[in-house]
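Protein chains in written order, with our numbering: chain A, 1457 to 1701; chain B, 131 to 585; chain C, 43 to 248.
It is possible that part of the hints are untrue.
Heads up, simulated BS3-like pairs for lysine-lysine below, C-alpha to C-alpha not over 30 Å straight-line [said to hold, decoys possible]:
1. B/160 / C/84
2. A/1689 / B/206
3. B/169 / B/146
4. B/206 / C/111
5. B/285 / B/160
Rather than coming from a laboratory, the hints here were simulated on the basis of the structure.
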Amino acid sequence: MKVGLFIPCYINQLYPKVGIATLELLEKLGVEVYYPTGQTCCGQPLGNSGYEENAKGACQVFVENFKEYDYIVGPSGSCIHHIKEHFDILEQTDAVKNVRNNSYELCEFIVKILGKKNLGASFPYKVGLHKSCHGLRGLKLGSCSEKMDAYYSTEEELLKEVKGIELMSLKRKDECCGFGGTFSVFEEAISVKMGKDRIQDHLDNGVEVITGADHSCLMHLDGLLNRNNQPIKVMHIAEILNSSI
Amino acid sequence: MSHSEKAAIFNKNEAKVNWHDKALWFVREKRDTAAHKVKGWEYLRELASGIKANVLSNLDNYLIEFETNAVKNGIKVHWASNAEEHNKIVHSILSENNATKVVKSKSMLTEECHLNPYLESKDIEVIDTDLGERIVQLAKETPSHIVLPAIHKTKEEVDELFQKHLGTKPSNGNPEYLTNEARKHLRNKFLNADAAITGVNFAIAETGGIVVCTNEGNADMGAHLAKVHIACMGIEKIIPKEAHLGVFLRLLARSATGQPITTYSSHFNKPALGTEMHIVIVDNGRTEQLSREDFRSSLHCIRCGACMNTCPIYRRSGGHSYDATIPGPIGSILSPGKDLTKHSSLPFASTLCGSCTNVCPVKINIHEQLYKWRQLIVKDVKQPLIKKTILKIMGKVLARPKLYAIFGKSARWMLTYAPRFMVYSKLNTWGKSRELPKIENGNFDQWYKNRNKNG
Amino acid sequence: METLINGIKTEIKMGRASILKSIKENKPAFISIPEIDIDFFKEEIDFLETFKINVELVGGNITELSELKHLNTEIKNKYPKAKRIVSDISASNLGTVSITKETDPHTLENVDLAIIKAEFGIVENGSVWISEDYFPIRILPFITNDLVIILSKKELCLHMHDAYKIISDRERTFGLFISGPSKTADIEQCLVIGAQGAMSLTIFLV
């Protein structure tokens, strides 16, 4: 299987470590990974702001770069969700349909497609899992607290196997962190308050490291943690899963 | 003022935000507990959604069937295309009966039509008898939540209100004392009312009957004492058969407050001897919403308020920051249809987390409709120049890989080398309460290039 | 169809005609009604015990009588101060105030206790169905200070779907599902029992 590695624009520019961890992890799991260098962005920030039409160019670039791969894997639930849901504005050629059908968030790819759970990782810390909304409710990476379905969580399945890790329980299991893309700027007061409340939940429950499958959420929480000098670190789940394999 | 401006003001009092947020989260938790106890909860939601979809696709026939059966049972049926017609019809029924004192139970429709000020301008006294609604009526405010109208008021605030308007003794906000005083005060109003106005939770086409649900009993205290009962309903309140009430009554109270059912679920089929019963069926923009394929299912709404209780933005900004009769997630997909410009900030007052969609008993895809409204709004409503320009430029840059590479590099250079005071200036909204990410040496593209060079 | 308003008959007709026309033009293609598979909700539970738990959960009181003849005594014990009592004669003869369909509902303002027979109870939510067939003045169960319900413990059904099977096949005027005493949580979410309707509800199971 040929896997096209999708590195979201903000990870490329601001958090390359997450992209590196993703690539290394996939390779260690025996995957043939290609990185199309012409990729830019999935277009989500524009779509969420109402400028879906203006994002068509970016979406086309994405399809061009990824159309020939069996799977497209990226370390971002919200971006993958955007591709699967909102690429419906493009003409549905075979290429577009293939890209939409074969895009996977990293954890989902590892558990569902590769069928692997124990990745030999080691991370002896108290970890709080932030269940990012688009991955959770959009991609159904896990069951959510509103619905009366059987419990499951793709991220937890992987984290549970990490040596030395202690997964801490939170009071509100899947409340939104308040990032929401441009929401974080246009509704700044609420965005900040939501982030602060999430952080408090982790602090109250002894968390040392907040992790999740979406670094946009983590970036927002990290911004608050750093401004307020709070004793919690953030780390993308790819970095934890890639640690000391 | 936009939602974000009002929300920023609300957030100046962090203690109040925490209090409001916790109060509503508690209601959400009660809903979860109640739903967990029901075998087949998700199946019920599926049924409710399917029934409402059928209703919308056959709405005209159901309304005619409803009217025919209601009239057969001695109920008078009126139709109002808009709020003005609704208000005129209600007023004329009251005039015909020389009614000057009216008691009204909860009806968001009458809020929507601004019925109270209209009737008051005709010298008719209208008393809102739901305790929460009476509180906001005395405070001269609008309800901030469709089920818990006074959720934004502390008990101390209620105490002061009652001291001023009902002559109660100071009680430090004792809920039992205040409720009991309200009971006495409202009882007086019920006993002296000429007419009672209620809402309609469900109207059954098959029988021509209606169901009104309350916990306090105020709808019934009004309707069974006054000689005239006027029930106001939106066209979408119709359900086809009585058997369907089984589905909706199992979902409604559990979604709204976590109770298995409201205290009273009153089924009105015929007027009582010697009384008159009227139903006013109202459009007021609903048929227009019906025409919108993307937003039509918002008419499934049974007004439970679950979406408000779960919404992390609603909980932290309060209903009044939406400046719409119906606030919160459902309000944000209903209101733009009525006035796109006035309510253009509402669909953006969301992170699209999707929690509302998952609690909605009739499975309205609220968060998806919010996204869709955004696309319409930026086309039809003037956007701030900076926002519009930046996003359009972004669109162009992201469509050209080479341009994107340059842009990425220069943005990162700027953030790394520009002095702090420049980066964290007033223009940088992000930087008001958050640090920006630290810029690494090189981006992923560079790392990958180097890796390939080095084999 | 008759309208009430002289002179503006046309306007009202316009409202109806224009609404129906607008719906016809704007409604989507027909979607058929889903069938309700009631068997999906079947549960093997103790009806009586679950009903009792749910009645108390919604703020009601419930007493199981070993013998019907104890009913009046039990009621008097529970409500010793009640003087003005309206009772459904088939349920109990403790009534001191008699009412008919012609009674002015306003005169029931000071009723202390109403005793009404319920036709059946619903296990899933602790509610009972009472209808105008059993009490002649609609305001009675609301205006009374306290409410007593007489219910046969054999007349319990599991859920609302079963309830509607029972009541739908008949000519009705007014009835209601009543679940516990009136209540409100409108003041800072503090639950207060006794809002506008009855202050208490007691079910005697016979």
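Hint check results:
For the given pair, residue 160 of chain B sits about 24 Å from residue 84 of chain C by alpha-carbon distance, which is consistent with the 30 Å threshold. Distance restraint check for residue 1689 of chain A and residue 206 of chain B: the Cα-Cα separation of roughly 67 Å exceeds the 30 Å cut-off, and the hinted pair is therefore not satisfied. Between the alpha carbons of residue 169 of chain B and residue 146 of chain B the distance comes to roughly 37 Å, so the proposed pair goes past 30 Å and is violated. Among the hinted pairs, residue 206 of chain B with residue 111 of chain C is inconsistent with the structure: their alpha-carbon atoms are about 46 Å apart, more than 30 Å.
Only pairs whose Cα atoms come within 30 Å are accepted, and residue 285 of chain B paired with residue 160 of chain B is accepted, the gap being roughly 21 Å.
Violated hints for the displayed structure, listed by number in ascending order: 2, 3 and 4.
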